[in-house]
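Asks: Model the full assembly from the supplied sequences, consistent with the hints where possible.
Residues per chain are reported as follows:
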Amino acid sequence: MTLMPPPPGRAEIIDWLAGLGERPPGAERIDSMELAWLVHQVEQRYGVELPDDQLERIATVDDAVAVLAEVLTSHV
Amino acid sequence: MTMDGAVVVPGISQGAQWVDEVLLAGPANDICFRLTQPADGTSVPIDRAKLRRLVRDRQSELAEAGLRPGGAAALRLPPSMAFVTHLLAVWRSGGQAILLDHRLTEYEVRRAIERLVPQVVVEPERPIPAGLRTFFEVDTAVASYSGHPAGTTHAVVQLSSGSTGPSKVIGRTAEDLVEEVLRYTRIDGVPLRGERLILLPSMVHVLGLVGGLLYGLHAGVELVPPARLTGDAIVQAIASGRTPATVLGVPFHIGLLASVQRPPNLPQFKRMTTGGELVPASVSQSFEIKYGVPLANMYGMTEVGVIGTDLAGVHRPAIRPAPGIEVREVDGELHVRRPESPYLGLSDPARWSDGWLHTRDAGAVDPTTGLVTIRGRLDSQVSVGGLKVDLTEVEYTLGTLRGVEAAVVVFDGSITAYVQLRERRDRDHLEADLAQRLAAYKRPRTLHILDQLPRTTTGKLVRDLTVLRKAAP
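Protein chains in written order, with my numbering: chain F, 1 to 76; chain U, 1 to 473.
Heads up, a few of these hints could be off.
[Stated by the list, open to error] Just the calculated beta-carbon pair ranges, DEER-fashion:
| no. | chain 1 | residue 1 | chain 2 | residue 2 | range |
| --- | --- | --- | --- | --- | --- |
| 1 | F | ARG45 | U | ALA435 | 26 to 36 Å |
| 2 | F | GLU56 | U | HIS148 | 30 to 40 Å |
| 3 | U | ALA432 | F | ASP52 | 22 to 32 Å |
If you are wondering where the hints come from, they were derived from the structure by calculation, not from laboratory data. From the three backbone atoms N, C-alpha and C, an ideal C-beta is built for every residue, glycine too.
Replies: In structure tokens form, the structure reads like this:
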């Protein structure tokens, strides 16, 4: 069995989002395209599909940290 | 072949039977759509016979709600069978379809309805759930509005973010749409009958609407929206059939596919075609190495549809004008021949004059090869995930909010606003007010409140990024 990496922290999520393009420094809000990118990154790195009802809870980087911690931990 | 009930409207040079002849004709068992059930991931085919039946049903509902030949129906629907069937039903009823992106705010929709006086408005019965769906299951509510006929004989009316503040209104006739569909058939490399089109852009906008939906129906190409907007879901959609598959998208989707870590072998993947801005060479190379298929590029506008293509990916960054399209360069700006202005209620010679549409795109036409190179915008329009946003509209709308003295909106990697207030207001309230008036994709990512906006000695607002950045706290 492959061990799943720990859920991403804030810095890692900001780093993933930067892969999509330049972000304003300190930008906290996550727009719809960034959300799609984030979900794609989670699928690629963790092999986990985030359900739509969880996505509705993600509007900021902090929300993403919290939701991913919850979802990815429950998959371990 | 003509189905029963297609209406011919006096004054529209091409009667509504064009829907039957150009879009709905063909064997009854042709698969037009292959949809994925969100609940269990199973695939649901929709054939031509079912599509025709659904369209006829919608026609009856629209007539009951008050849509008459020559009247307009506003469709505020996300990509869905509800959108497809209502659109075809409106046209088959001899009506005009006003397409409103479902992401527009109530305020934007109300303004559009006041301006365009549709007879009926079709909306989702319940709010659209958030998530990454590319195609939705929607129950609709049809509301009756006015008894007015449509202001023009255009088959489709679309709003485009406007440089003069409110949205521009763009109309296209049935003849023009048919001409574009036929234009696609003459371009080498488009998907052919029996093949599949993995459809990523919204079919409420021109690329997905004509290049995807209308061309697909005309040519007998199966339209396959992926279950979700992720790299894996796009790959699954390609792998879900054996017939050749073309992916139609915008540059963001190339990034998704390029970063799929271990895609399966996809011998049926034929090509990826994107419209919108050019992608960096590193992304296109990584895509082509990973999938071994051409990355094709298209150039078009809501006003015209497809203008040029490079479907083999050999002319990048240039494109070849599509058959029947004439492009010229005047003082560094690209013009496209259009016999009539596409704009409703607007007579601006800077946008259309003497049979030529001024694209506001900077570019050049090679006199020897005829290839066209696009070098960016000459105005304040930017592209956000393939959707066009005019910064002037954002600036204008900010200026209408309570307490705002002046605003400057620029593109600094993302939409950025600098605002000067005449009364004390906090950023959260200002952003909440703006959210009532502008769709999310048009809103600034960053909003700076300044005591004084930088101005020139003559009092004009300064738009220079360096100066604005320095002025922000």
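Asks: If any of the earlier hints don't hold here, list their numbers in rising order.
Replies: Every hint satisfied by this model.
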